[in-house]
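Chains as they are written, first to last, in the working numbering: chain G, 1 to 172; chain D, 173 to 611.
Mixed in with the good hints, there may be bad ones.
Stated by the list, open to error - Residues from chain D shown here face chain G by an in silico Cβ test under 10 Å; the list is partial:
id, residue
1, Asp375
2, Tyr377
3, Thr399
4, His402
5, Glu403
6, Phe405
7, Arg411
8, Glu521
9, Arg523
10, Gly524
11, Ile529
12, Gln531
13, Glu538
14, His546
15, Gly611
It is worth saying that the hints were derived from the structure and are not from the lab.
A virtual CB, placed ideally from N, CA and C, is assigned to each residue, including glycine.
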Amino acid sequence: MGAYDPEVAGLTRDEAEAFVYREARLIDDLELEEWLRLFTEDGIYWIPIDDSKPVEWNTSLVYDPPLRREERVYHLLHVPFPAQAPRSRTVHLVSNVEVAAGGDDAFTVRSNQVVYEVRQGDFRQVGLGEVRPIVARVEHVLRRVDGELRIALKKILLIDREMSQSNLTFII
Amino acid sequence: MAVTGLAARAPARGDLDPDDLVLEGPHTYRVHTRAYTDPAVFEAEMERIFSRTWVYIGHESEIPHPGDYKTAHIGRQPVIVSRGDGGEIHVLVNRCVHRGSVVCRSPRGTANYFRCPYHGWVYGKDGSLAGIAMREGDSGYSEHFAAPAGLMRVPSVATYRGLIFASFNPEVPSIEQHLGRAAFLIDNKIDQSPVGEIALRSDPYVVTYRGNWKFQAENIVDGYHFTFVHEGFIKLQERYGDSTGDFGVHRGRSMAEVRRIRARGVSWGCSQGHGLSAKPVDQIESLLDGRLGDYYRELLERHGPERLAWIAGSGAMSIFPNLGIIHHQIRVWRPLAPDLTEVTVYPYELRGAPDEINQGWLRSQERFYGPAGHGMPDDVEIFALNQQGLDASAVDWLILERGIDSERRDEVGDYEGLPSGETPQRAFWRRWKRLMAEG
Ligand code: FES
Ligand SMILES: [Fe+2]
Chain G
1 MGAYDPEVAG LTRDEAEAFV YREARLIDDL ELEEWLRLFT EDGIYWIPID DSKPVEWNTS
61 LVYDPPLRRE ERVYHLLHVP FPAQAPRSRT VHLVSNVEVA AGGDDAFTVR SNQVVYEVRQ
121 GDFRQVGLGE VRPIVARVEH VLRRVDGELR IALKKILLID REMSQSNLTF II
Chain D
173 MAVTGLAARA PARGDLDPDD LVLEGPHTYR VHTRAYTDPA VFEAEMERIF SRTWVYIGHE
233 SEIPHPGDYK TAHIGRQPVI VSRGDGGEIH VLVNRCVHRG SVVCRSPRGT ANYFRCPYHG
293 WVYGKDGSLA GIAMREGDSG YSEHFAAPAG LMRVPSVATY RGLIFASFNP EVPSIEQHLG
353 RAAFLIDNKI DQSPVGEIAL RSDPYVVTYR GNWKFQAENI VDGYHFTFVH EGFIKLQERY
413 GDSTGDFGVH RGRSMAEVRR IRARGVSWGC SQGHGLSAKP VDQIESLLDG RLGDYYRELL
473 ERHGPERLAW IAGSGAMSIF PNLGIIHHQI RVWRPLAPDL TEVTVYPYEL RGAPDEINQG
533 WLRSQERFYG PAGHGMPDDV EIFALNQQGL DASAVDWLIL ERGIDSERRD EVGDYEGLPS
593 GETPQRAFWR RWKRLMAEG
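Isolated chain D (complex conformation) (with noise of 0.2 Å):
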């Protein structure tokens, strides 16, 4: 896709403190333009956060059976992850230690080994360093040569159910405590599955937009916008309802009911920077009498009546940084530029469900996402909008202070609020200003 490079911005003052970008007040939350516009803070936000937080990479179905392997990216930094001889997951950067080649060309695919296209050398799928070509002879390497070990290993890698994370900080906390309270809503999407397990099937949808990367983190948990935003798609639905496949997703068949339906459930914004939503089901029983009865039975004997009603409802999250699950979809955010992001759109299927299911979710996702579906272009031309007006610098501050009054703290730093409120996105605010002051 041609893009027109950065727009010419005013230089970037080189000091960077948070507190002039986050405004925090009792009944004030406030980001000035500069936190989404200035090549100094995305410079910053590559070091201070993609590479000090755990990063999600993708996901244990991708790479199935040893050899596997698929490119992926830690804000800027290509890697290789990698699946090793005994099942486990090697993440290694993707640049030759000889001179710097890129080692790997294909996004994904199965491998015995990494060799170097520039002087051949060899690598396992450890990333360790198996052969340097031509190594002996006068015109070859010293006998006292220090060879590298291999590839650049990431050194701090975990999986979630199945969910691949990365961190080039050796130091990270555990990937239960970076997830906290979003765990509960990622089991819920998780467990909608009989046996408690997705797996990447279809190819994904990706888009690229032009504007900055935390837009798309603080989108995908926004309830303010849907029926400004997607108001042509409410119409749509008014018309069409299920009958070109939504697959009941998207409730509501009228402004007055879809404002209805969209007012209940609730909003977390985790210590952590994640901002999630969901809504419980309020009825069970519609569900187990229903076309797929059999199905919500099955999993109402595996986790009873109090759970199935939070796995059989909606559920938003934007796991800080660039993971988002929505739908029935992974959703991975890499920033660009800081007026230029890449999102691309994994549907997942569940393991075990019936195909009638599985299916009727990934086209239900065919006509909202992907770059001709009636939903996800308007959120990523609005992405575009919304850069393009902070362009107008003279006006210093955005305000995101939705339900500031009716949001409360709980016992592990958490914030509760309701659905339209701006819960979610002062959490990632918070998160971000925090890492961004650590220097």
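If we strip away everything but chain G, and leave its shape as in the complex, we get (with noise of 0.2 Å):
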């Protein structure tokens, strides 16, 4: 990635900044429809476990294109299961966003989260009420859709995406 010049780049850090923040607010506020038009209309959210792999021929923790990320949104608004009754509540902490020139129009945001995760009811009961930190590095493909910043691609990548992880079932 060369190096980053916002009068090249046209979207400065601030921009991108409050960006990202609004995206992590919309998803701690369980504002899902909203988060959902965050995205180009052939976005994609993605949790990959090896991002170096072709995703047709790897499983991803997520790979949602958007009718499977309309699915996912739906599931968890409208639809009650197991993993997700109770809830889960989330906060997202954003740190050290930089961004770089993509091509065409494309920018790169690159951020460091961690997304703390408590399942909410009953505290005395197993896996409800104990706080868990989900660390990740994230990586926001940007583009401009008639003036309005949209996501093209949002990269999760999980420390610890290989290896043992427990319910996931919510948005990261």
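Mind docking these for me? Both chains are given alone in their own frames, and the hints should help you get the complex.
See below:
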């Protein structure tokens, strides 16, 4: 990635940060319909196990093109299921935001994120009331669509992505 | 993953009489809470089950060439599964015979030898001791030194259609005897490949849950839970069907339809402890004329219509004690503690099948399994709830009696039952009880 020059890139770090912060807030507030609208028409939400392998031949923790992303949000908002009954609460902490120019009108924004998650409900029960940190490097590929920044790709590289996981049935 | 320690539990009774733990009668089948919670039961299982019977440790495609290796576990014993120069498979305990350090640190790789990181003893691909560092000299080993032969070898190793099993029991019966009727279902799964071979290519999913290992062994062939635990998934099927990548695996787009479809088929409880369920395809014509017709016609030519109905149908297996096969995956469960289990899901591909099929089934599994899937997290959530429920030790028994009056015992000693009965689970416990009684 070349040295960042905001004049050339057309995206300042302030604007990039504001965008990523807002996205994080929408997720934490469970404004997931609104979150869906942040993506481009062909945007991808991706949590790989190994991002060096072709996605078609390797499972990802999440690989969501638009319809799958819509399904995930529908599931979370409208369909009760054991792994989210009770629900998770999350708080995203975003730092180390850097911007680099991508090709044609695309920008790559990198950040480090710690997502704290806790299942609500009777905290005396197993799995509830335990605050868990989920630690990741996040890469957003953003595009301007009709003047608005949109997510063409959100790639989340968990630091323990190929290791044993527990419940990840919420948006990261 | 951070996991809190074992909950404080009542001290175990010294005696372990399996008759106290599994209650059997003509119309009765109950399992005692302690069978899932008691640390003494868990310790006994590691010896009497995991050290006595065959345990699945990997697939040949994970170590295709000489020098390839992977690590695995037989119960709590860590092993290296290594491919020797002649293509043979060695299963070696991953502990240096000098002073006990772990020898192999990577989960998989390729090596000409294994070198202990502590004092540099070197072992060949077959585990034989190839070199002792600084052996000579006054501070070295005596000329009478009884050098060990090498890493401890697990005495019994066998493969069935690429699946690798090992056992610490030198007298274990043949793998064919162990698999029994399960071999028929394994064949059906693997013969979905036009060349009759599967390969593990994708990364696996690994999930750890706070429950006993036997919950996973029971659940993978539990027809009763699907419409309850996966009710939300059925709602997704109603709305999205195949459009998000199910690839025709989960049939039925309403609760009523799913119930109807899942009421068909057969389940078996094998004398070796395996639980099996299978549903052959009713009408192979629709497959032959369908979008994947070329693929199915090739299978038809190879196997004939009767086998094709089984091959193209669905099937799930719980192979005693630690292996599951369902959908297009090999699943392995590893007991860590009475209330802690690791599950690994290895999607496999069918060698020689069109890319569209292998990729389609991979996407389908991605949607349902893994820690963020729409199915598996609900199952493991229930396992944790189940374990927690059993902390209420004031209640003694769990009831596993569904379909007990409708199951029939056949000439080889297997039980045949209906799909949402508990025939597979009872078979697990019968074998469990026999092995635990052998002491
Ligand atoms: S413990 Fe392995 S060489 Fe000493
Ligand atoms: Fe399930």
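Structure-based check of all given hints:
1. Asp375: At 4 Å from the nearest chain G Cβ, D/Asp375 passes the 10 Å test, so the hint holds.
2. Tyr377: 7 Å, holds
3. Thr399: With a closest approach of 13 Å, the D/Thr399 hint is violated.
4. His402: 8 Å, holds
5. Glu403: D/Glu403 check passes; min Cβ-Cβ to chain G is 8 Å, inside 10 Å.
6. Phe405: Since the shortest Cβ distance to chain G is 7 Å, the answer is holds.
7. Arg411: With Cβ-Cβ at 7 Å, under 10 Å, it holds.
8. Glu521: 8 Å, holds
9. Arg523: 13 Å, violated
10. Gly524: 15 Å, violated
11. Ile529: 12 Å, violated
12. Gln531: 5 Å, holds
13. Glu538: 5 Å, holds
14. His546: Where the cut-off is 10 Å and the nearest Cβ of chain G is about 6 Å from D/His546, the hint holds.
15. Gly611: Hint on D/Gly611: violated, closest Cβ of chain G at ~33 Å, above 10 Å.
Taken one by one, the earlier hints fail for this structure at numbers 3, 9, 10, 11 and 15, listed in ascending order.
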